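Student: Going down the list, the sequences are from chains A and B. Quick note: the first sequence uses this note's numbering, first residue 1, plus one each step. Quick note: the second sequence uses this note's numbering, first residue 1001, plus one each step.
Don't read these hints as lab results, they were simulated from the structure. Keep in mind the model is a prediction, meaning the values are calculated, not measured. Any given hint might turn out to be false.
Dumping the calculated DSBU-like pairs for lysine-lysine here, alpha-carbon to alpha-carbon at most 35 Å [as the list claims (entries may be wrong)]:
#, chain 1, residue 1, chain 2, residue 2
1, B, K1272, A, K490
2, B, K1272, A, K487
3, B, K1035, B, K1070
4, B, K1165, A, K487
5, B, K1094, B, K1081
The following label-pair restraints were derived from C-beta to C-beta distances [what the hints assert, rightly or not]:
#, chain 1, residue 1, chain 2, residue 2, range
6, A, V296, B, K1268, 45 to 55 Å
7, B, P1088, A, Y347, 13 to 23 Å
8, B, K1009, A, I300, 25 to 35 Å
9, A, F308, B, D1073, 51 to 61 Å
10, A, G220, B, D1073, 53 to 63 Å
Not the full set, but computed from the structure, chain A residues with beta-carbon under 10 Å of chain B [as the list claims (entries may be wrong)]:
#, residue
11, I326
12, V338
13, H448
14, G465
No residue lacks a Cβ here, since even glycine has one placed at the ideal position from N, Cα and C.
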Amino acid sequence: MVNRIILILKSYKGGILGVSLLLFLVIITFYTIINIPASERSEWNNPSYWINYPKNAAPYWTNYFMELFNQKLPEHKIFTMNDAIVRNYSEGTDYKIENSTFIYDYDFETFPPAFSIPYSIQVGDIPPAVEISVKRPDGLVFVIYYNSLESLSNGLDDTNGANEQDEIQSNGEILIESQNPTVKDDVSTNVVSQRLFSSSREITEALSDYTNLFDFSTNGLPAEKIIFSGTKSNVPLQGKYEFIFSLYSFDDNTDLKDILWIVEGKVFGVLGTDDFRRDISFGILIGTPVALLIGVTVAITSTIIGLFYGLISGYKGGRTGGFMVIIIDIFLSVPTMVLFIILSLNYGKSILFLIGLFILFGWPGLALINRTFSVQIKNYPYVEASKLMGESDFRIVIRHIVPQLIPFTLANFALSVPAAILGEAALSFLGFGDPSFPTWGQMLQDAHFSSAEILGYWWWIIPPGLMISITSMAFILIGRSLESKAKFDKRR
Amino acid sequence: MTIILYILKKIVILIIVLLITMLLTIFLLGSTIDKIMVDNIRMQVVNSLSNSLSESQKLNQFDNMEQRQKFIDQQIDLQIKSLGLDEPWYSPKKIMNTLFQILTLNLGNSRFFTTHDGSSSVNELIKEKLPNTILLFTSSSLAVVGLGIVIGSYLARREGRITDKFIAGLASLSLSVPPWWFSMIMIVVFSFFLQIFPARSTPVIPPDSPGYFASLLYHMALPFITIVLIGFASSIYYVKYIILRVIEEDYIKTLGVIGIPPRKILLKHALKNASPQLTTMLGVGLISTLGGSILIEEIFDWPGMGNLFYNAILQNDSPLIIGLVYFFTLLYLATRFVLDLALSVLDPRIRTEDN
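Use the sequences and the hints to build the structure in full.
Tutor: Okay, here's the thing in structure tokens:
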């Protein structure tokens, strides 16, 4: 059996390509199922899961091409607590300073798009104070943030509101930020968590003290374009930057629980990120099993329905057969796209519904093909002979006609997978996808909604569509090979 | 006689499909339409009450708010009864009524969209957008088939293995690539990187200004090129396949034996005999692009019916959706019918095949 398959594939090069593409997809599927647990898969549409990722970052390998033009886009950099150099000072008995210093050797020609500093502090009886400063390569030191957490714990809502408003004003599209309150106060353990964004008002105000150090007007410039800028003109200053996070604590219970220093980049990961900071490679991975599931389920079911419907209508003939053909005709004359949209409007957004829909409109075409064949086979002498011998209709169909049709049915199966996959992608693109099963079509919908094609975010558009094409292509190639194999066998 | 029967059968099927589609649409959207109409009536009643009465009358006419509310409810009920809205949308009378209204093109007004002149009538809206859809998709389908016939018949005469393989591969590729995704890629390439064509295909100047048509054609270029690029490989592949099959027939081979030049055989006899299949190809191409038009028009922002449909769905504009479904189905079925008709004229065998 295996040898035979290999032999078949050898004579059909397209088939080999198809099988290897399919193998590639199956490997991705297994990799996804094993490595990404279901709980994590559902995080795709959860913005807070992706908050530490950069926004609209290109794949990192674009830098290899940029180097040809002597340019390099800044990489995404996350400094964790382990990267920090911690120094403790204590002045007297009543307060001590804990300095966490991060060193970043910045050697890019462009500014980073943003930075953010999420931190959480365990607060004791007396609220501590926090100071963030930057020591630049040219020796200047900017204090970009100073806050005593007293004001935080007293006027929590106040600060929070101001912060959020500021976010919306400065960026205009703060979808993720505004959904996540920047300040979370956990009462039980008394841990204050805050996320400081480069666009927040406190930083902008603090930086306005240093305006006179620059030879140009820093008015209206975002924080990262001031901090990382040379003093002569507004171009990035390269060299070692030291970010110092100082915690002034006044009792022994105060402790820095966690801190990250995220300098957002313009390149990230193998496939980059999208406007919602999601890692595109993650979406590509989790989309694979769903696409295969939809395609294969629809194809198997509609092939089987089509096979038996076509068989019966062809074998019966006469009035019943004619009526059955009219039903096929009706199904085939329906403007499917329009009807799909109308149906999805009411029942959409469920993967089972989509699968049912594609089965409902997938089988009639296959039934028509099978009918033609079964009409032919019915008139073969050996079928008529077995009829004369008194075999029942059921037996004749199962024993003599179905085996004849199996090669073609296999080909039809493979050829009807792409229709389902392309259909699901199109409906997802129109916004009728199942949100709990992220698919490539939904990724493209998000891309289109964010005007990715106009803004030139090619890394967001190409991979999902390419995966759709590869999947369809694999099945088309396999189907074509099986088809020509079946035709060849039949002729013999 | 058989041809009339054949056409009649086709017409009956088309009418059944049209009725099913429209009934389904009414079933799915009927309840929302009723809700919209009741809301409109409520607003009208309340508005007319507060407009027609002066301050003092308002106070005098009703003793308290309850009474006023009662009066309003009464008025609303009266109007609802007179319009037949008290019956549920699934009552047969109501459905027949709605169906009749749709079939007589009494489609009502859109809730959110207006034409350039400011009319919100669904008919006017469709009248404005339909020509654009037909312009784009007919011209590009014709171009695809034309290219297919020219290149396909050229390739059929000289079977080079490399070009054959290349075209076959390209055809498989274009079948597996989603056309709307390819459109996005085209926008990235031609509008973002090369900046040759505008990314948004709706002309910025108003439709009644003199340069509008030229501008429209310029904006049409990118969608047109995209559709042609998607379709041409399959078109060439099929034309070549069809012509090769015709050329294999004995009567064509005979022509070659009696000394008629191959060029003449191809143009005069082979193409003529392949015409039914070629027509099918054109028809199927048109039909399939019509469904895809919703996505492609939306991506290019081409001012056609598909784009309007997409936006109507986003806004949940039920009257407009129903009107557009009707027109789309009509357009689709009409194309199919013309195709069937043309086929039965070109190829008499088809008429009797089923019987």
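Student: It remains to establish, for every hint, whether it holds in the given structure.
Tutor: We went through each hint and held it up to the structure:
Between K1272(B) and K490(A) the CA atoms are separated by roughly 31 Å; this keeps the pair inside 35 Å, and the hint holds. Distance hint between K1272(B) and K487(A) is fulfilled; the C-alpha atoms sit about 28 Å from each other, no more than 35 Å. The suggested pairing of K1035(B) with K1070(B) holds, with an alpha-carbon distance near 20 Å, which does not exceed 35 Å. The suggested pairing of K1165(B) with K487(A) holds, with an alpha-carbon distance near 19 Å, which does not exceed 35 Å.
With a CA separation close to 12 Å, the supplied pair K1094(B) and K1081(B) stays within the 35 Å bound. Against the hinted window of 45 to 55 Å, the Cβ-Cβ separation of V296(A) and K1268(B) comes to about 48 Å, which satisfies the hint. Between P1088(B) and Y347(A) the beta carbon distance is about 20 Å. The supplied range of 13 to 23 Å therefore holds. Distance hint for K1009(B) and I300(A): a CB-CB separation of about 33 Å, consistent with the stated range 25 to 35 Å.
Between F308(A) and D1073(B) the CB atoms are about 57 Å apart, so this pair conforms to the stated range of 51 to 61 Å. Checked against the hint of 53 to 63 Å, the C-beta distance between G220(A) and D1073(B) comes to roughly 57 Å, which is consistent with it. Against a cut-off of 10 Å between C-beta atoms, the interface hint on I326(A) holds, since the closest Cβ of chain B lies about 7 Å away. A cut of 10 Å between beta carbons decides the hint on V338(A): the least distance to chain B is about 5 Å, and the hint holds.
Satisfaction of the interface hint for H448(A) is found here, the shortest Cβ-Cβ separation to chain B being roughly 7 Å, below the 10 Å cut-off. With its C-beta approaching chain B no nearer than about 3 Å, G465(A) sits inside the 10 Å limit, and its interface hint holds.
Hint compliance for this structure: every hint is met.
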